[in-house]
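Student: Given the structure of chain A, go ahead and fit chain B onto it with the hints provided.
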Amino acid sequence: MLAAFTWTEFAQQLAAGIREGAIYAGLALAIVIIYRSTRVINFAQGEMATFTTFIAWSLMNHGLSFWTAFPIVLAVAFAGGVAIERIVIHPVANASVVTIVIVTLGLALLLNGLTSVIWGGESRQFKGPFSTRTIDVGGVPISVQDIGIVVVSIGLVALLALFFRYTKLGLALRAAAVNPESSRLVGIRVGWMLALGWGIAAVLGAVAGMMIAPVVFLDPNMMQTILLYAFAAAVLGGLDSPVGAVVGGILLGVTITMLGRYVGFIGSTLKLPAALVLIFVLLLVRPGGLFGRVAERRV
Amino acid sequence: MRLRLWLELAGFAVLAVVVAAVPRFVSDFRARELAIVGMYFIALLGLSILTGHSGQISLGHGAFMAIGGYTTAVLSVNGVYGHQIRDLWTIPIAGVIAGVAGLLVGLPALRLSGLYLALITFGIAVSFPQLPKKFDHFLGGTTGKILALPRPPFGLSTTTNNWMYYLTWGIALVLLLAAWSLVRGKTGRALKAIRDSEVAAASSGVSLAKYKTLAFGISAFYAGVAGSLYAIANAYVNPDVFPIILSVYLVVGLAVGGLDSLITLIAGAGLIYFLQNHADTVARWLNHLPALNLDPKQPGIPSLVFGAVLIVVMLLLPGGAGGLLRRLFGSLTGRR
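For the record, the sequence lines run as chains A and B. Each residue of the first sequence is one higher than the last, beginning at 1 in my numbering. Each residue of the second sequence is one higher than the last, beginning at 1 in my numbering.
Chain A on its own, in the form it takes in the complex (with noise of 0.2 angstroms):
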């Protein structure tokens, strides 16, 4: 049933598994900024990122490339992000948990349907910035693709990190996720802060997304089974940790693809059921993720 085993292809299958990984780490971040900032999961990232990357085909439809569409349709899914936090979240931010799910799950419907509607259900291609020609690297050969949706996700992430560490509106938007009340009192607008927060959440899902239709096909479902490996990730990497959302990115990327081909009886349709069981053990081992820690609860 297995092909014999060479260390070339457990290489590529590496390779392929930290670039699948690298998706999955932007997606969960994304998810990982917006729950720190106001305690929400957002279901309805995958389909903002799918309908960003359906604007980002339109544009190269009417001529633009790649690199021209991209920062425009990251300027759009920052204004998104913003609106939606302001419309649609902000009147619920005090209800329950379960109230806050609801109105997320009906922003990812609604955003589906849009897609749907919109751009039609059928399958396209997307032409992504890469070729997809092979580069001998120390032997194994490596899409050039590959590497690149490495380079622009990891890079993206590593922006991300200097942007919360060295400038001052990082350090507003990290205060407001930590202790919104004494934020407010040292002069900080805590509310624009959480919309902030979903601006660059939706810019992150903007930058998966365009990096991942050329890999898959573009179409209005194209992010649903990535979104749950990107919960997965932020799960495995404990949810408040953007550390641990990487880290659990590549981890479960790597993890997933070597049980697929390696492991005859996952293959590749036990993969995503396989993903689930790892993260139900590791929340029972660790309720916190690798990274996260364990809040107390008060009366």
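Be careful, since some hints might not be right.
As the list claims (entries may be wrong) - Pulled a few chain B residues facing chain A out of the computed Cβ check, cut under 8 angstroms:
id, residue
1, 57
2, 124
3, 126
4, 133
5, 251
6, 301
7, 308
As the list claims (entries may be wrong) - Using C-beta positions, here's what the derived DEER-type ranges look like:
id, chain 1, residue 1, chain 2, residue 2, range
8, B, 141, A, 4, 25 to 33 angstroms
9, B, 133, A, 174, 40 to 48 angstroms
10, A, 171, B, 141, 53 to 61 angstroms
11, A, 39, B, 16, 37 to 45 angstroms
12, B, 293, A, 90, 30 to 38 angstroms
What the hints assert, rightly or not - Some but not every residue of chain A turned toward chain B, in silico, with C-beta under 8 angstroms:
id, residue
13, 88
14, 91
15, 99
16, 107
17, 116
18, 147
19, 235
20, 269
21, 272
22, 276
23, 283
Since the hints were made in silico from the structure, they are not lab data. Please read these numbers as outputs of a predicted model, since none were measured by experiment. Even for Gly, the Cβ is constructed at its ideal location relative to N, Cα and C.
Tutor: Okay, now just chain B, sitting in the frame of chain A:
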């Protein structure tokens, strides 16, 4: 309190009479549609016990419906040791198997509060359709399994659709009564205490382990029964019969009917059926709005409308139809 009890009983009696009388006035095809609404209603009752009353969210109840449906398919087509079981008797078995699956999920769910539970159950919903593909000899793969057409038992002379209608709504009424007495009594109070504050409930001697797992098991039982009925009426199961999005639609139905309501969940069940099967009608209505020209055949319409309805309901009417009724009758009973 007494007045409210009588109102609820009267509501149930009216519903029972209406349910019994409806097939006399509608076509055979409508009876089939209403039967399917009844199945969604059963699933929503279970979801209400779990999400509305005990505060644990599940985005995976479509998967429990699928477990019920597949149980019925396997038992009535493959049978046990080649001995096929009549579809009618597979319904309780399907409920129990789904219920046991629910208990298994509910057990670890003890340690997973709120959002983690939502994520795990969402994962179950998304990954369940892979199982029939993997175990295709047993579960029929993507092509699915064909069941025998349902037929009325004991030589009753009624149409298949009317029989499915009476069967579904008969079970729905029994399960409604069961859910109602459950949430009114000691169990219901314990569940609500857990929903409002887990720590306070535990401090007052409510066993979180027992009640949270129980709520999961019971609600999965309801979903299993609903899925089993759906498989029988459909006479066919495959992964597309219980799509991933079904779990999300159930949550929409629950929110529209009212999270902690029971009877008004019928409204949510009706909405799920209507939007899934009559989306073109909805699109034609929407086209009456200015500056809107939707293609009624668009596949995205149900999701678009479901999403918009869900957001509007949660923002403007968090209690759903049930909350609206309570507000209307609140002045009558002198309670809010």
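Student: Now look at each hint and say whether the structure bears it out.
Tutor: Hints, verified against the model:
Taking 8 angstroms as the C-beta cut-off, the interface hint given for residue 57 of chain B holds, the closest approach to chain A being about 5 angstroms. Given the 8 angstroms rule on beta carbons, the hint for residue 124 of chain B holds: about 7 angstroms separates it from the nearest Cβ of chain A. Checking residue 126 of chain B against chain A by beta carbon gives a least distance of about 5 angstroms; that is within 8 angstroms, so the hint holds. The beta carbon of residue 133 of chain B is positioned within 8 angstroms of a beta carbon in chain A (closest approach about 5 angstroms), and the interface hint is therefore held.
Checking residue 251 of chain B against chain A: minimum C-beta separation of about 6 angstroms stays under 8 angstroms; hint holds. Of the supplied interface hints, the one on residue 301 of chain B holds, with its beta-carbon coming within about 7 angstroms of a beta-carbon of chain A, less than 8 angstroms. Restraint check, residue 308 of chain B versus chain A: the minimum CB separation of about 6 angstroms is within 8 angstroms; hint holds. In this structure the supplied range 25 to 33 angstroms holds for residue 141 of chain B paired with residue 4 of chain A, their Cβ-Cβ distance being about 29 angstroms.
For residue 133 of chain B paired with residue 174 of chain A, a C-beta distance near 44 angstroms keeps the hint of 40 to 48 angstroms intact. In this structure the supplied range 53 to 61 angstroms holds for residue 171 of chain A paired with residue 141 of chain B, their Cβ-Cβ distance being about 55 angstroms. Separation of residue 39 of chain A from residue 16 of chain B is about 44 angstroms and conforms to the stated range, judged on CB atoms against 37 to 45 angstroms. Between residue 293 of chain B and residue 90 of chain A the Cβ separation comes to about 32 angstroms, which falls inside the hinted range of 30 to 38 angstroms.
Checking residue 88 of chain A against chain B: minimum C-beta separation of about 6 angstroms stays under 8 angstroms; hint holds. Using the Cβ-Cβ criterion of 8 angstroms, the hint placing residue 91 of chain A at the interface with chain B is satisfied: the shortest such distance is roughly 6 angstroms. A hinted interface residue such as residue 99 of chain A counts as satisfied when its beta carbon comes closer than 8 angstroms to some beta carbon of chain B; here the least separation is about 6 angstroms, so the hint holds. Interface hint status for residue 107 of chain A: upheld, as the beta-carbon distance to the closest one in chain B is roughly 7 angstroms, under 8 angstroms.
Satisfaction of the interface hint for residue 116 of chain A is found here, the shortest Cβ-Cβ separation to chain B being roughly 3 angstroms, below the 8 angstroms cut-off. Hint status for residue 147 of chain A relative to chain B: violated, with the closest Cβ pair at about 29 angstroms, above 8 angstroms. With a cut of 8 angstroms, the hint placing residue 235 of chain A at the interface with chain B holds, because the nearest CB-to-CB distance is about 6 angstroms. The beta carbon of residue 269 of chain A comes within 5 angstroms of a beta carbon in chain B, closer than 8 angstroms, and the hint placing it at the interface holds.
The criterion of a C-beta within 8 angstroms of any C-beta in chain B is met by residue 272 of chain A, whose closest approach is roughly 4 angstroms, and the hint holds. For residue 276 of chain A, the interface hint holds, since its Cβ comes within 8 angstroms of a Cβ in chain B; the closest pair sits about 4 angstroms apart. Among the interface hints, the one on residue 283 of chain A holds; its C-beta lies about 6 angstroms from the nearest C-beta in chain B, closer than the 8 angstroms criterion.
In this structure, only the earlier hint numbered 18 is contradicted, and the remaining ones agree with it.
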